[in-house]
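Novice: Chains A and B supply the protein sequences, listed in that same order. The numbering of the first sequence is full-length UniProt numbering, which starts it at 1 and goes up by one. The numbering of the second sequence is full-length UniProt numbering, which starts it at 1 and goes up by one.
Be careful, since some hints might not be right.
[As the list claims (entries may be wrong)] Taking lysine-lysine pairs in the DSS-like style, the calculated list, with each CA pair at most 30 angstroms apart, reads:
1) Lys-97(B) to Lys-208(B)
2) Lys-232(B) to Lys-152(B)
3) Lys-161(A) to Lys-42(B)
4) Lys-183(B) to Lys-152(A)
5) Lys-188(B) to Lys-232(A)
6) Lys-188(B) to Lys-152(A)
7) Lys-183(B) to Lys-188(A)
8) Lys-97(B) to Lys-97(A)
9) Lys-183(A) to Lys-183(B)
10) Lys-208(A) to Lys-152(A)
11) Lys-152(B) to Lys-42(A)
12) Lys-97(B) to Lys-152(A)
13) Lys-208(B) to Lys-161(B)
14) Lys-161(A) to Lys-208(B)
15) Lys-56(A) to Lys-97(A)
16) Lys-232(B) to Lys-278(A)
Derived by calculation from the structure, the hints in this document are not laboratory data.
Below are the chains, spelled out letter by letter.
There are 2 protein chains.
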Amino acid sequence: MSFDRMIEKIVEMQNPTVAGLDPKLAYIPPYILEEAVAEHGKTLEGAAAALVTYNKGLIDALCDIVPAVKPQAAYYEMYGWQGVRALAETIAYAQEKGMFVITDGKRNDIGATMEAYATAHLGTTDVLGEAVDAFGADALTVNGYLGTDGIKPLLGVCGEKDKGIFVLVKTSNPSSGELQDQKLESGKTVYEAMGAFCETWGEAVMGKYGYSGVGAVVGATYPAQLGEMREKAPHTFFLVPGYGAQGGGADDVVPAFDKNGLGAIINSSRGIMCAWQKEKCDEHDYAQAARREAIRMRDAFRARIGEIRLGE
Amino acid sequence: MSFDRMIEKIVEMQNPTVAGLDPKLAYIPPYILEEAVAEHGKTLEGAAAALVTYNKGLIDALCDIVPAVKPQAAYYEMYGWQGVRALAETIAYAQEKGMFVITDGKRNDIGATMEAYATAHLGTTDVLGEAVDAFGADALTVNGYLGTDGIKPLLGVCGEKDKGIFVLVKTSNPSSGELQDQKLESGKTVYEAMGAFCETWGEAVMGKYGYSGVGAVVGATYPAQLGEMREKAPHTFFLVPGYGAQGGGADDVVPAFDKNGLGAIINSSRGIMCAWQKEKCDEHDYAQAARREAIRMRDAFRARIGEIRLGE
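Let's have the full structure, built from the sequences with the hints guiding it.
Specialist: Structure follows, in structure tokens:
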């Protein structure tokens, strides 16, 4: 279990970003929606078909310049099991195109149940002796509120597989501090304590480049905490949401990187998905608009962090 | 948004318990597995078909004596989108038989993404003007680590619907204390702080019987905390895992109830689902074995808490 494969892709593309695939119907070009409705009606089936077409277009346009995609499970579950099938198809297609896939599910539970989540999203399901990948993503976001019992099963299920998890540490939303910023008796804040857990959990699954397979989610909207956590959790790779639509800028995110330009992958969802709406370009050009925005985003980081090199 | 409908069912059946539906293939009688494999092969489709048949048998045998079921999402996701379809079918069938359905998904996110989860599991999805229920459960478990931004969207999406959420407060697992028992500067533990949030969030969605639509998960394995939280969070209904297989006994759970015998619904998953294996009865008798165990569990609580009455 590690992020080595993701790190190698980041270095290969000199691009520390991930494209969020959170496909609300409102983001999808009308011609795609119309085709899907013509075939399936205004049904969950129809919505799911539109999601898949839209995502495949984005993946085709991004796969040679962006190392990873991050589908957000909520936007697929909203369209029922048909939407969840669209999630599975999206994951498979992105991997076929060489992308690293992070399922953003923020899953959490304990023992056998957490094993089931790990098996579902990262592992291989045993169907009476037949091994089948249920979703087969490369990484999963998880919530550590339940403690070690909620994380250990992931390390076990992933075992030798080159897969990873990102634990919520300091989230990007305005109210994240209600619990996460509170000070514990130890003098640490809750998010610092969670970051320290990540370092501990990661010891068992260290990769080749100085980072373990246990990463952390730390929001772009809290630059001071990003820098602080980069120092305090030196073996923990960060997934950074909150860039763009939520208000985080490229300068805000710089503290998340180490001296090699590694240590963080920055997510943009709406910025990339809805670039065609912002550019007011032709709807058929939506994927190329996404590519243009992804290039702008990549170049903003290149200008700030320079060449990204493999550490250690 | 409230738990009124669940509370009325508990009183009607004089039974404060919920049957967990966490269907591992190992729990399912061989004759059901063989039928499913004969039709679909050793595939995710086959596994999902077995899940649905097994669950329907359990629901038929329990629906007149147990007020609620709690399918655990992980065990369905493990079998891919086909398993998630089995979850949707299970929810619909249990509701058809009059049961209150709590989807145990421990979902968590912020803003529009949490709205998407709320819509998926409790609300109604808008497909280009057509209103469709994606999963349509009656309640959902959620994780409050992200603060108010992660909870408010649920209250909004559920609105006037008689649905509820259970927020993780003090979980039943051995390592739950690593974070949850830590003391904050305020002198409260993390789980007490989370319980206090539940009371605050619930103020906007109070039901008729003294409890709000924002409940809490508090484990049977920590009886002292159960009693403490019952006092400190008087308007928060508890979902109590950890009874049975995890070690919590009927006496341990008594502190979770108020003077009317309300305030908590106790979950048993393996105890009920695997009763046929424990009894070593004929596999075709699995559902009746589950019923016998559910009756034993109900009667254990009846003997301890007496008649359950509507409060306020």
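Novice: Against each hint, give a clear statement of whether it holds in the structure.
Specialist: Status of the hints after comparison with the structure:
1. Restraint check for Lys-97(B) and Lys-208(B): the C-alpha separation of about 24 angstroms stays at or below 30 angstroms, so the hint holds.
2. A distance of roughly 22 angstroms separates the Cα atoms of Lys-232(B) and Lys-152(B); the hinted pair therefore holds under the 30 angstroms criterion.
3. For the suggested pair Lys-161(A) and Lys-42(B), the alpha carbons sit about 24 angstroms apart, so the restraint of at most 30 angstroms is met.
4. Among the hinted pairs, Lys-183(B) with Lys-152(A) is consistent with the structure: their alpha-carbon atoms are about 24 angstroms apart, no more than 30 angstroms.
5. Our distance criterion of 30 angstroms between C-alpha atoms is met by Lys-188(B) and Lys-232(A), whose separation comes to about 26 angstroms.
6. Of the pairs offered as hints, the one joining Lys-188(B) and Lys-152(A) holds, with about 28 angstroms between alpha carbons and a cut-off of 30 angstroms not exceeded.
7. Proximity of Lys-183(B) to Lys-188(A) is assessed by CA-CA distance (about 11 angstroms); at most 30 angstroms being required, the pair is judged to hold.
8. A C-alpha spacing of about 46 angstroms is found between Lys-97(B) and Lys-97(A), which places the hinted pair above 30 angstroms, so the restraint is violated.
9. Distance hint between Lys-183(A) and Lys-183(B) is fulfilled; the C-alpha atoms sit about 9 angstroms from each other, no more than 30 angstroms.
10. For the given pair, Lys-208(A) sits about 21 angstroms from Lys-152(A) by alpha-carbon distance, which is consistent with the 30 angstroms threshold.
11. Proposed proximity of Lys-152(B) and Lys-42(A) is supported: the alpha carbons are some 29 angstroms apart, at most 30 angstroms.
12. Simply put, Lys-97(B) and Lys-152(A) have alpha-carbon atoms about 38 angstroms apart, too far for the 30 angstroms limit, and the pair is violated.
13. For the hint pairing Lys-208(B) with Lys-161(B), the CA-to-CA distance comes to about 14 angstroms; that is within 30 angstroms, so the pair holds.
14. Between the alpha carbons of Lys-161(A) and Lys-208(B) the distance comes to roughly 52 angstroms, so the proposed pair goes past 30 angstroms and is violated.
15. Distance hint between Lys-56(A) and Lys-97(A) is fulfilled; the C-alpha atoms sit about 10 angstroms from each other, no more than 30 angstroms.
16. Distance check on the hinted pair: Lys-232(B) and Lys-278(A) sit about 49 angstroms apart at the alpha-carbon level, beyond 30 angstroms; violated.
The structure fails hints 8, 12, 14 and 16 (numbered hints given earlier, in ascending order).
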